[in-house]
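S.K.: Build the complex: two chains, separate frames, hints provided.
Taken in order, these protein sequences are the chains called Z and R. Heads up, the first sequence is in the numbering used here, so the first residue is 11 and it goes up one at a time. Heads up, the second sequence is in the numbering used here, so the first residue is 309 and it goes up one at a time.
No wet-lab data here; the hints were simulated from the structure. All C-beta atoms, glycine included, are put in the ideal place defined by N, C-alpha and C.
Here are some, though not all, of the chain Z residues that point toward chain R, as calculated from beta-carbon distances under 8 Å:
(1) 26
(2) 29
(3) 32
(4) 46
(5) 47
(6) 50
(7) 51
(8) 53
(9) 54
(10) 57
(11) 58
(12) 65
(13) 119
One-letter residues, chain by chain:
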Amino acid sequence: MNKIVEDISFELSQPSDTAQVIYSARHMLAQIGFDEVQQCLIATAVSELSTNIIRYATPGTVTLRIIHDVDRTGFEIIAVDQGPGIKNIQKALEENYSTGNGLGLGLSSVKRIMDAFEIRCEPGQGTCIITRKWME
Amino acid sequence: MDDRQTFLVSGMYVINNCLVVPVNEEVDDNYIKGLGKAILEQVETTGIRGVLINVSAIKILDSYSFSILRDFAKAIALLGANSVFVGFQPGVASSLVDFDIGLEGICTVITLEDGFEILNPPVTDPEQSEEMGSKTSESEFSDPKQSEATTDE
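The shape of chain R in the complex, shown without the other chains (with noise of 0.2 Å):
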């Protein structure tokens, strides 16, 4: 099965079950709260419970926009899904810490890899989602000891 899918907006796409979102270098206002509207609206649509967000093109950002970042990962959480920062700058982690801006709340990673071995979201393929939902219903009368392993999976 191809789980990759490209959405057109913003040019982010799915891939292990992700969300992966490239933002552009250079980030104006209007640019980034038209981009987290359109992850939360994919997030939304798609059931996807881990969001990639690549900073890694960005040299330099100021405060506000970073405060915007910060604020579509506590959203993303809203909407019940996971999300990471990947690959920011060193140039613009060494200012942002200069710039004594609250720095929690956020998850980094260095690499894509990285941010998939994070995430490691659950299968959404609906398929699977109702054989195991049936498989856990079944269980739950039989054997109190198996419910718990399956669960536990």
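In isolation and in its complexed conformation, chain Z is listed as follows (with noise of 0.2 Å):
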């Protein structure tokens, strides 16, 4: 069980507001001590969860987190919606931008640059995507 350093919410219903998730993460990152480089591919990460709310489950919930872990120290994103879930969430996680193709959502990037993710979602009930990376 992760210990929570800091915790953030954020309501998310309208474009606008995901300015504010990825400036918070940044700052967050920032303070975990992730370079530059990183902080950039983690943000982007949080923008891909944000903006997939904002497209396609309004309103939901993204919270920030800086977790502990033992000797380690990692950043926490939770997405949450009410939205119509994925039917399909395994090709969602399969497929490549290169292709053109595919739903859009960016979750196997998400996956792919993150350490650890899960998605948990109901067709009709909501999606809930938590997702880590540690600081080396």
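M.R.: This is the structure we're talking about:
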């Protein structure tokens, strides 16, 4: 069980809401000690998850956390919505942008760049995504 | 002749016969769709043949917003103009590559100067175009070699 050091939640209901989430994410990532490139990469993951909520499942909530586990610090993103859910999670996680096809959710990319990724969803009952990146 | 015209919409301006479009740091869906529409309207109205899209202010760009930007380039091309993206930041570039997004079909440069050089658009002054047009039609019927030289210009 990870220890939560810092925790901040954002309600997302319109496109302009994502700006403050991304700003806060970058601030927290800098606090943890991630370098600039990692900050951009992980903040982009935050942006993907936030904009998915705005585009497909508004309103929703994104929670950003700084977490501790024994001897390491990490960054956790929890994206929750009450939207339509994802019918085919497997497909969403396998899609490749280079082909130009797919659901356009960026989930496979988020999963690849983060260290841990969980997605729970029931069609028609919303989606919950939890993902973590640990500081090396 | 002052060829610098400013359009109040979205802070775009024309310089060196190119439309320069500054893109905001925060790129949300409403903004980016509005921007795309404004760009296409300006290209169509002014007949400009080169567009420089200045993305140097953007620090974080999600994949969908990037795909919209990429679509701008395609739409601008359909209107017969060329476009160049100026100043993608290292963090954005690195993230786009890590996110494995299709990056083909866009032209990028680091500075506005490089962008102007690449676009090097033809003169769109109506008077000058008329002169050139009549020059071409005269030489077409007189000396084939001469007309070749004109079109090469």
